[in-house]
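Number of protein chains: 2
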Amino acid sequence: MNGRVRISLDGMGGDKSPDIVVEGAAQAAETLPAVDFLLFGDEARLRPLVDRFPRLAGITTLRHTTEAVTNEMRAAAALRTARKSSMGLAIGAVAAGEADGVVSAGNTGALMAMAKFMLKTLPGIDRPAIATHFPTKTGLTVMLDLGANVECDANMLVQFAIMGAVFARNVLSLENPTVGLLNVGVEGYKGNDAVKKADAVLREAALPITYKGFIEGDGIAAGAVDVVVTDGWSGNIALKVIEGTARFYAHVLKDALMSSPRGQMGALLARPALNKVKHHTDPRRYNGAMFVGLNGICVKSHGGTDAFGFANAIRVAVELITHGFNEGIKQDLVQIGFLPNSQTRAVAGK
Amino acid sequence: MNGRVRISLDGMGGDKSPDIVVEGAAQAAETLPAVDFLLFGDEARLRPLVDRFPRLAGITTLRHTTEAVTNEMRAAAALRTARKSSMGLAIGAVAAGEADGVVSAGNTGALMAMAKFMLKTLPGIDRPAIATHFPTKTGLTVMLDLGANVECDANMLVQFAIMGAVFARNVLSLENPTVGLLNVGVEGYKGNDAVKKADAVLREAALPITYKGFIEGDGIAAGAVDVVVTDGWSGNIALKVIEGTARFYAHVLKDALMSSPRGQMGALLARPALNKVKHHTDPRRYNGAMFVGLNGICVKSHGGTDAFGFANAIRVAVELITHGFNEGIKQDLVQIGFLPNSQTRAVAGK
Chain A
1 MNGRVRISLD
11 GMGGDKSPDI
21 VVEGAAQAAE
31 TLPAVDFLLF
41 GDEARLRPLV
51 DRFPRLAGIT
61 TLRHTTEAVT
71 NEMRAAAALR
81 TARKSSMGLA
91 IGAVAAGEAD
101 GVVSAGNTGA
111 LMAMAKFMLK
121 TLPGIDRPAI
131 ATHFPTKTGL
141 TVMLDLGANV
151 ECDANMLVQF
161 AIMGAVFARN
171 VLSLENPTVG
181 LLNVGVEGYK
191 GNDAVKKADA
201 VLREAALPIT
211 YKGFIEGDGI
221 AAGAVDVVVT
231 DGWSGNIALK
241 VIEGTARFYA
251 HVLKDALMSS
261 PRGQMGALLA
271 RPALNKVKHH
281 TDPRRYNGAM
291 FVGLNGICVK
301 SHGGTDAFGF
311 ANAIRVAVEL
321 ITHGFNEGIK
331 QDLVQIGFLP
341 NSQTRAVAGK
Chain B
1 MNGRVRISLD
11 GMGGDKSPDI
21 VVEGAAQAAE
31 TLPAVDFLLF
41 GDEARLRPLV
51 DRFPRLAGIT
61 TLRHTTEAVT
71 NEMRAAAALR
81 TARKSSMGLA
91 IGAVAAGEAD
101 GVVSAGNTGA
111 LMAMAKFMLK
121 TLPGIDRPAI
131 ATHFPTKTGL
141 TVMLDLGANV
151 ECDANMLVQF
161 AIMGAVFARN
171 VLSLENPTVG
181 LLNVGVEGYK
191 GNDAVKKADA
201 VLREAALPIT
211 YKGFIEGDGI
221 AAGAVDVVVT
231 DGWSGNIALK
241 VIEGTARFYA
251 HVLKDALMSS
261 PRGQMGALLA
271 RPALNKVKHH
281 TDPRRYNGAM
291 FVGLNGICVK
301 SHGGTDAFGF
311 ANAIRVAVEL
321 ITHGFNEGIK
331 QDLVQIGFLP
341 NSQTRAVAGK
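Protein chains in written order, with the numbering used here: chain A, 1 to 350; chain B, 1 to 350.
Hints may be right or wrong, so weigh each one.
For identical chains, the list gives no copy identity; a pair is met inside one copy or between any two copies.
[Unchecked claim] Below, simulated SDA-like cross-link-like pairs (lysine to any residue); rule was C-alpha separation at most 25 angstroms, straight line:
| no. | residue 1 | residue 2 |
| --- | --- | --- |
| 1 | K84 | N71 |
| 2 | K190 | D15 |
| 3 | K196 | H280 |
| 4 | K84 | E187 |
| 5 | K190 | A75 |
| 6 | K190 | A113 |
Calculated directly from the structure, the hints in this document are not laboratory data.
Please work from the sequences and hints to get the whole structure.
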C-alpha cells in the first residue's frame with residue numbers, strides 16, 4: 001500500500017451525528033498521518049463543524065446531500081436511497097474506487113444491505129458477517145456474526161469460522177488461531193440444528209483452522225478460543241451483554257470505593273492501576289466492527305458512540321486497508337478451495 | 001408454612017459431587033434453622049462425608065442408590081432412570097409429598113425432563129422455564145428462560161413473561177415489576193418471528209404486567225427492566241456471558257492492582273471496598289435457578305459450583321417454599337385467567 005489512505009465517511013449516520021463523525025475524523029487525523037476523507041452529508045451542517053479543525057479541513061472533501069438513512073428505516077427502504085443518501089454515497093465511493101474504505105455509525109441493517117448490493121460479496125461467501133475483536137483473559141478475541149444475519153444455517157456458520165480465522169490471522173497476527181462455536185453446552189447433543197451440523201462439518205472437513213468445538217458463554221471473556229463463531233442474533237446479544245456487564249462492574253467498583261474515606265484514599269493511591277483497568281476495558285477502544293466477506297472495506301461504528309469511539313472505527317478501517325485485509329481473506333479462501341484461483345486474480349487485478 | 005422444611009437432595013449430581021452436595025448441605029444447615037434433608041445417592045460414598053458434620057448427620061436421612069444421571073446423558077435416557085437414579089428419586093420424594101422441594105446440581109436437561117414428568121406442569125403452562133435473579137444496576141433482575149427450551153415460540157415467551165412477573169412479585173417483593181423482551185434492537189421490525197409476535201401479544205393483551213417492550217443485551221446489567229424474558233438459548237448464553245465477563249473484569253482489576261507497589265498499597269487500603277464488590281458480584285451468591293411452571297419446587301444448582309454455591313441453591317429452595325412461591329404463581333395465574341379457579345382449589349387441596 002503506497003501513498004495516502006482514502007476513507008469515505010457517512011456524515012449523517014449514528015445517534016449523535018454529524019458532530020461525532022466530524023470530531024472523530026479530526027481525532028483520527030491527529031494520529032493517522034496519511035489519510036484523506038470524503039465526507040458525505042448536509043453541507044450546511046457539516047461545513048462549520050469541519051472548519052473548526054483546520055488540519056481536518058485540509059484533508060477533507062465534502063460532498064453535499066440532504067438525504068440520510070434513519071435508524072428506523074428498513075433495509076429495503078434504505079436501499080432505495082443508495083444513490084442519494086450520505087450512507088449510500090459513502091459506500092458508492094468505495095465501489096467506484098474513489099475511496100479505499102467506508103466508515104458509518106448508521107443503521108446496521110441498512111449499511112449491510114447497501115454494502116452487499118454495491119460492493120458485492122466475495123465469491124464463495126453466501127452472506128457477509130459483522131466481526132469485531134475485544135480484550136479477553138488470554139489476549140484479543142474475534143467474534144462473528146454480530147448481527148448481520150439473525151438466523152444462520154450450518155453453512156453460514158462454517159463460512160464465518162473460516163472468515164473469522166482469516167481475520168485473526170491478518171488483523172491480530174495470530175499464526176494458528178483457535179476457533180470455537182458458541183453453544184448452550186459443550187456436549188455434542190446440545191444446541192440447535194445449525195450448530196450441531198456446523199460442528200460436524202468443522203470437525204470432519206479438512207479446513208486449515210484449529211477447531212476446538214463448542215464453547216459456552218463464559219468461555220468468551222475467558223479467552224477459551226481466538227475466534228468465537230455464532231449467528232447474528234446470539235453474537236449481538238453476547239457482545240452487548242459484555243458491554244453492559246463491564247459497565248455494571250465499573251459502576252459497582254466506583255460506588256464501593258467512593259462510599260468510605262478509606263476506599264477513596266485507596267482509589268487515589270491506586271489511580272494509575274484503576275486507569276489502566278478503565279483503559280483496558282474501554283469499549284470505545286474496540287469500536288469499529290468489520291463487515292467480512294465483502295469485496296471492499298466497510299466498518300460499522302457503534303451507533304451511540306462518541307468522537308473517541310468513532311475515531312477508533314476510522315483507525316480500524318485504515319488498519320484493515322494498510323494490512324491488505326481483503327487480499328489476505330481472498331488468498332486464504334483460495335488456499336482453502338473456496339475461491340478458484342482465476343477469480344482471485346480477476347478480483348485482485350480489478 | 002409450619003414446622004420444618006424438607007429438602008430432597010440429588011447427592012450425585014454436578015461436576016464435584018458428592019462432596020460439594022454434602023458440604024453445601026452442611027453449610028446451609030448452619031444458617032437455616034429448621035431444615036431436614038433427604039439425601040439420595042451412593043451410601044458408601046455419602047455416609048463418611050455426612051458423618052464429618054454432626055449437625056448435618058442429625059437432620060439427614062440417607063437413601064441409597066448406586067445409579068446416577070451423568071452430564072452426558074440425554075433426557076430420554078435419563079428419564080428411564082427416574083425410579084432408581086439419585087436425581088429421579090430426589091424428585092420422586094417431592095412428587096410423593098415426602099419432601100417440599102428438590103435441589104440438584106446435575107444435568108439440566110435430564111432434571112427438567114424428569115421434573116416435568118414426575119411433578120407435572122401447572123395448568124395453563126405449556127413448558128416450564130428456568131429462572132434466576134442476579135444483581136444489576138437498579139437492584140435485582142429476574143431472567144428466564146435460561147436453557148430449558150432452546151427454541152421458543154411466541155406463546156411460550158408470553159407465558160415466561162407472566163411467570164417472570166409472578167416470580168419478581170413473590171420472590172423479590174416487587175409490587176409492579178417491569179418486563180422486557182430480549183432482542184437485537186429496540187425497533188419494532190427487528191428480531192425473529194417469535195419475539196415480534198410475543199411483543200404484539202404483550203402490548204395488546206390485557207395482562208397484569210408492566211411491559212416495557214424490547215431491551216438489548218446491555219440493558220440486562222443496566223437493570224432496564226425487572227424481568228428479562230427470552231428463549232432458553234439466548235438466556236443461557238446471556239447468563240454465562242455475564243458470569244464470564246464479571247470474572248474477566250475481576251481478573252483485570254486484580255492484575256492491574258498487583259502490578260505496582262502503589263497499586264498494592266491502594267488495594268490494601270481499599271480492601272473493605274474491594275471485598276464489598278467481590279461479595280456483591282459473587283455469582284455463587286446467586287446460584288440456584290428455579291424451575292417455574294411446575295407443580296413442585298425444583299431448584300437447579302450450577303453444575304460446576306462449590307459447596308458455598310450449593311448451599312445458596314438450598315437456601316433458594318427453602319425461601320421459595322417458606323414464601324409459598326408456587327401458591328403465589330397459581331393465584332396470579334387464576335387472576336390472569338390462565339387457571340380456572342376449580343383447578344387451583346384442586347391443586348392447592350392436594
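Hint check:
1. K84 - N71: within (17 angstroms within a copy, 57 angstroms between copies)
2. K190 - D15: This pair counts as between: shortest inter-copy Cα distance 17 angstroms, intra-copy 39 angstroms.
3. K196 - H280: neither (35 angstroms within a copy, 37 angstroms between copies)
4. K84 - E187: between (51 angstroms within a copy, 24 angstroms between copies)
5. K190 - A75: between (34 angstroms within a copy, 11 angstroms between copies)
6. K190 - A113: between (33 angstroms within a copy, 14 angstroms between copies)
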